[in-house]
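As given, the protein sequences belong to chains A and B, one line each in that order.
If you're matching positions, the first sequence starts at 1 in the numbering used here and goes up one per residue.
If you're matching positions, the second sequence starts at 1 in the numbering used here and goes up one per residue.
Everything labelled a hint here was simulated from the structure, so no lab data went into it.
No residue lacks a Cβ here, since even glycine has one placed at the ideal position from N, Cα and C.
Incorrect hints may appear among the rest.
Stated by the list, open to error - Ranges between beta-carbon positions, derived for each pair: (1) D157/B <-> R33/A: 30 to 38 Å; (2) P128/B <-> R52/A: 51 to 59 Å; (3) G155/B <-> A106/A: 16 to 24 Å; (4) K60/B <-> R33/A: 35 to 43 Å; (5) P45/A <-> E66/B: 37 to 45 Å; (6) T45/B <-> R15/A: 35 to 43 Å.
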Amino acid sequence: MKHDDKKGREPRQLRELVETFGTNHERWPETERDRAKLEVDSNEPGWLSDERRLDAWLDSAEHIAPSPALLRRVAEIPARNERAVAGWFGWRGVRNALALGTLAAALGLAVGVATPEATTMDDVAAEDEFSTLALGGVDLNDGVDLDGVDVSEEILP
Amino acid sequence: MGNVEDEIELVRRTAKGDAVAFRTLADAHLGKIMNFAYRLLHDRTEAEDIAQETFLRLWKDASRYEPRARVTTWLHRIAHNLCVDRLRGRREEPTDTLDEERSSVEPGGLLDRKQVATDVGQALASLPERQRAAITLVHYQGLSNIEAAAVLEVGVDALESLLARARRSLRDKLAKREPEEVDREARR
């Protein structure tokens, strides 16, 4: 409901306001309340009585109270129903964990791209050296040493 | 329960599983939500179902509440959506039985007041759903035009149009009702 405050409220606009929101000024839009209340109180237009009668009629509508059974059922809701795991704050935690995981994955990818694969001869030699130091040149997979001699009885009890 | 910050805090605690906070919110809002559903559905049993379901949603989905709207606006929106689902599931819309179901009663007495209350309920029930929701939210539930518009997911201008049409329709029903009352009194 738009009104031009500088020109003052036209009687038609005031009537529109009351016909929309009723005569109780507490229901009127906050921005229009004070001025409209002043105008209605000072003029008391004739059509206001119809609106007051309508409001009184509406106010006589039945008001029902929750039954004891409903009160009990609602009170039991927490005990009978499991909560969603991720709450307002829980969801924040999940979101943060996901963000950290994504960051870690992105960092891992970046490191992987920036670092060349270990395929140089030096790396292979280093790997062989490690095997020799650890196992004395024995291949335990087939029980045959590097010179073709079966030594499985020597190393296995 | 008028303090917005207090209610937001209660919803946050409810989201963390605090049953006491949930019950405090239920104490404050259950009656209002039930009456809102009752005026929309015109059926007490269904209104109780809607109220229970609304608070079940509060318990389960408190984490979804965003403190931009008042808690009451949020709850009304949940209840309104549930009511709309119920109304869609009904085969027949309620008819205007205001005149047919009226009985002869003592004016001014308890039965008369009850009859008037029944008449108002039936007049509201005869309105199209969105008009009924609009006038219920503003006249009975005490929501502002902005809050009621948010519940119905319409603009403020549209809400005010719904309100004006609802009141015009109800005014007509009241005008039809009053001459009958006068005639009945005159025949006594």
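Results of checking the hints against the structure:
1. D157/B <-> R33/A: 30 to 38 Å: 18 Å, violated
2. P128/B <-> R52/A: 51 to 59 Å: 25 Å, violated
3. G155/B <-> A106/A: 16 to 24 Å: 43 Å, violated
4. K60/B <-> R33/A: 35 to 43 Å: 38 Å, holds
5. P45/A <-> E66/B: 37 to 45 Å: Roughly 42 Å apart at Cβ, these two residues keep to the hinted range, so it holds.
6. T45/B <-> R15/A: 35 to 43 Å: 40 Å, holds
Hints 1, 2 and 3 from the list above are not met by this structure, while the remaining hints are.
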